[in-house]
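Asks: Spelled out from the first residue to the last, the chains are:
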Amino acid sequence: MNEELESRLRAALRPVAPSDEFTRDLIARVAADQRSSSDARSAHGRRPRARGWWLSASVAASLLVAAGVQHQLQERHERERGLEARREVIEALRVTSQKLNLAYEVIKNQSSFPADDKPGA
Amino acid sequence: MRSCILRIFLALLAPTLVWAAPNPRLALPEFSTLAQKATESVTITLDAALLAIAGRFLDGNDPQDAAAKEVLKGLQGIYVRSYTFDKDSAYQQSDIDAVRNQLSAPGWSRLVETRSRKSQANVDIYIMVTNNQATGLALIASEPRQFTIVNIVGAIDLEKLHKLEGQFGVPKLDIDLSKAASPNAKK
Chain A
2 MNEELESRLR
12 AALRPVAPSD
22 EFTRDLIARV
32 AADQRSSSDA
42 RSAHGRRPRA
52 RGWWLSASVA
62 ASLLVAAGVQ
72 HQLQERHERE
82 RGLEARREVI
92 EALRVTSQKL
102 NLAYEVIKNQ
112 SSFPADDKPG
122 A
Chain B
11 MRSCILRIFL
21 ALLAPTLVWA
31 APNPRLALPE
41 FSTLAQKATE
51 SVTITLDAAL
61 LAIAGRFLDG
71 NDPQDAAAKE
81 VLKGLQGIYV
91 RSYTFDKDSA
101 YQQSDIDAVR
111 NQLSAPGWSR
121 LVETRSRKSQ
131 ANVDIYIMVT
141 NNQATGLALI
151 ASEPRQFTIV
161 NIVGAIDLEK
171 LHKLEGQFGV
181 PKLDIDLSKA
191 ASPNAKK
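Protein sequence lines, in the order shown, are assigned to chains A and B. Take 2 as the starting number for the first sequence in the numbering used here and just add one per residue. Take 11 as the starting number for the second sequence in the numbering used here and just add one per residue.
A portion of the hints provided could be inaccurate.
[What the hints assert, rightly or not] Derived DSSO-like pairs (lysine-lysine); straight-line CA-CA distance at most 30 angstroms:
1. K79/B <-> K170/B
2. K128/B <-> K97/B
3. K47/B <-> K97/B
4. K170/B <-> K47/B
5. K170/B <-> K109/A
6. K83/B <-> K170/B
7. K109/A <-> K97/B
8. K109/A <-> K128/B
Hint data in this document are derived by calculation from the structure and do not stem from the laboratory.
All chains, please: the whole structure from these sequences, using the hints.
Replies: Encoded structure:
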């Protein structure tokens, strides 16, 4: 009796190979699980990368603005320097012409009144 | 060996030649004491770089600027010291002599010397000529209450200076370069 029961149990619990359908379903589910877990991982890792990008962009923008301001200041300085140099050129020529006029006046007066002035031109 | 000796000789001679070249740039003193006493002072120091910058800011459409721009061509420097005082004899003749002495160096010729007893205005114009080209101009004007020194360095075109007439009131002084170039013209 016992022997019969035992043999029936053995027969019922013998290892059986899974069906093809079962194997396919199992592989598909495992693959789906792997995909979803890797998506979740990549979504989690994108945040610091995005933060890094914004940081780089803002540093680059700040550098651009600083370079622009520096250029503007340099241009303004150049312009002020140029206008000052121009003013000095005009002033130098004005002083020169004034003194040449003075010499001219003395020469002219000398030709009118030879006894008064002594030009050596 | 001979060429080596010649090279050494030329290398030793080169500084002497450079030193011997006449320099149209005058060493103008600071005149700081005079500047303090003066009621009005003009101190202008424009080297070649500043003249180039000034040239860029001179408007070619403005007659005065255009005339100035034309004069600036070929110039390497403009140096002006001018002091006006509120009383007579505020400066010493020795103040001017320091500059005048430099004009006795080779290369300089006095073109114009005017002495007016009436206005007590004395104007001396010196010019440095190299290869029939004016390379330097110095003007010393002394009046009882004012003295002015102008030194222009570079290829000065006197014709262009004359053309400034009407713009800056520069008169035609009939300056003859050939006279300046001849040794007899030197004071």
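Asks: Decide, hint by hint, whether the structure agrees.
Replies: A quick look at each hint next to the structure:
no.	hint	in the structure
1	K79/B <-> K170/B	10 angstroms, holds
2	K128/B <-> K97/B	17 angstroms, holds
3	K47/B <-> K97/B	10 angstroms, holds
4	K170/B <-> K47/B	36 angstroms, violated
5	K170/B <-> K109/A	22 angstroms, holds
6	K83/B <-> K170/B	10 angstroms, holds
7	K109/A <-> K97/B	27 angstroms, holds
8	K109/A <-> K128/B	13 angstroms, holds
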